Amino acid sequence: MASQMLAGKGFDQVINMSGGIKAWDDPLAFGSEEQGLDLLTGNESVEEALIIAYSLEAGLQDFYLTMIDKVAVDDVKSLFRKLSDIEVLHQNRILEEYIQITGKKIDRDTFESGRVEKAVEGGLTTDEYIRLFKPDWNTSSDIIALAMSIEAQALDLYTRVANRSTDERSRVALKKIAEEERAHLEQLAKLMDSL
Amino acid sequence: MRWKQFFTPVQSMNSEEAKEFMSGKTQDEFTLLDVRQPGEYEKNHIPGSKLIPISELDKRLDEIDPSKPVLTY
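For the record, the sequence lines run as chains Z and D.
Its first residue numbered 1, the first sequence is counted upward by one per residue in my numbering.
Its first residue numbered 1, the second sequence is counted upward by one per residue in my numbering.
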């Protein structure tokens, strides 16, 4: 077993996850190790990496906003508004991070002008997510599940890019964004439980 | 000689415990390791995992920091 082998090779703490992936009841990520790397390659400077991350969050926020008018049920409308607000907070965090790291006073419009179009968090387009998860647009739990899957994919993408990042500051910033995605997932799980 | 290697016990955690373990840490404080085959990883994996199939593990140990906790599945 892998854990036994690592323990025998001098690793300080080795934890075997009992039940493996089958026991994992949170959303899973999918795709190869290269999934989404056309957007974020790992060769970006920290400035570039943060602008791309911001674009991905903004793309998802746009999607949630357009959905408000497309759904009929009031609860679901307010859910999309809530999801959109969460993305705005995350965009703000990334913008603050950018200002703090670079020391550049940049306004939101300039920052947004560098946006990458068409993709949302995790590197897929919303159409691709919808095709994969086929949510029922009148059911809040389906929509939260979709949102959680997108966050899971984003957490995975940011971690993979950070691990191959050639720039130390980019690596640190991307790991931090990945952590925030993990916190996002927990937040959405609570929202799901509150239904 | 690293005596420690004889005494490192393997812990076991269920998914709830593992989740709690990770949520209290930054991404740089642990390694989540998927030791299954690439085809299984591609189908689905726990977000944030690093893939090293068990058949390659002995040759790729230098990719994992031995001083950080490693969670495997």
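Some hints here could point you the wrong way.
The calculated DSSO-like cross-link candidates involving lysine-lysine, where the alpha carbons are at most 27 Å apart (straight line), are [unchecked claim]:
{"#": "1", "chain 1": "Z", "residue 1": "K77", "chain 2": "D", "residue 2": "K43"}
{"#": "2", "chain 1": "D", "residue 1": "K19", "chain 2": "Z", "residue 2": "K190"}
{"#": "3", "chain 1": "Z", "residue 1": "K82", "chain 2": "D", "residue 2": "K68"}
{"#": "4", "chain 1": "Z", "residue 1": "K70", "chain 2": "Z", "residue 2": "K134"}
{"#": "5", "chain 1": "D", "residue 1": "K19", "chain 2": "D", "residue 2": "K43"}
Covered by chain D, according to a simulated footprint, are these stretches of chain Z (three or more residues, beta-carbon under 8 Å) [unchecked claim]:
{"#": "6", "segment": "30-40"}
{"#": "7", "segment": "147-158"}
Since the hints were derived computationally from the structure, they do not count as laboratory data.
Note that the structure is a prediction, hence the values are computed from the model and not measured.
Think of the CB as a built atom: it goes at the ideal place given N, C-alpha and C, for glycine as much as any other residue.
To see whether the hints hold, each was checked on the structure:
Of the pairs offered as hints, the one joining K77 of chain Z and K43 of chain D is violated, with about 32 Å between alpha carbons and a cut-off of 27 Å exceeded. With a C-alpha separation of about 14 Å, the suggested pair K19 of chain D and K190 of chain Z falls inside the 27 Å cut-off, and the hint holds. The hinted pair formed by K82 of chain Z and K68 of chain D fails the criterion: a straight-line CA distance of about 37 Å is larger than 27 Å. For a cut-off of 27 Å, the pair hint linking K70 of chain Z to K134 of chain Z stands: about 15 Å separates their Cα positions.
For the hint linking K19 of chain D to K43 of chain D, the alpha-carbon distance of about 21 Å falls within 27 Å, and the restraint holds. Restraint check on the segment 30-40 of chain Z versus chain D: 4 residues with Cβ-Cβ distances below 8 Å, three needed, restraint holds. Here's how the segment 147-158 of chain Z fares: 4 of its residues keep a CB closer than 8 Å to some CB of chain D, so the rule of at least three is met and the hint holds.
Violation of the numbered hints given earlier is confined to hints 1 and 3; the remaining hints are satisfied by the structure.
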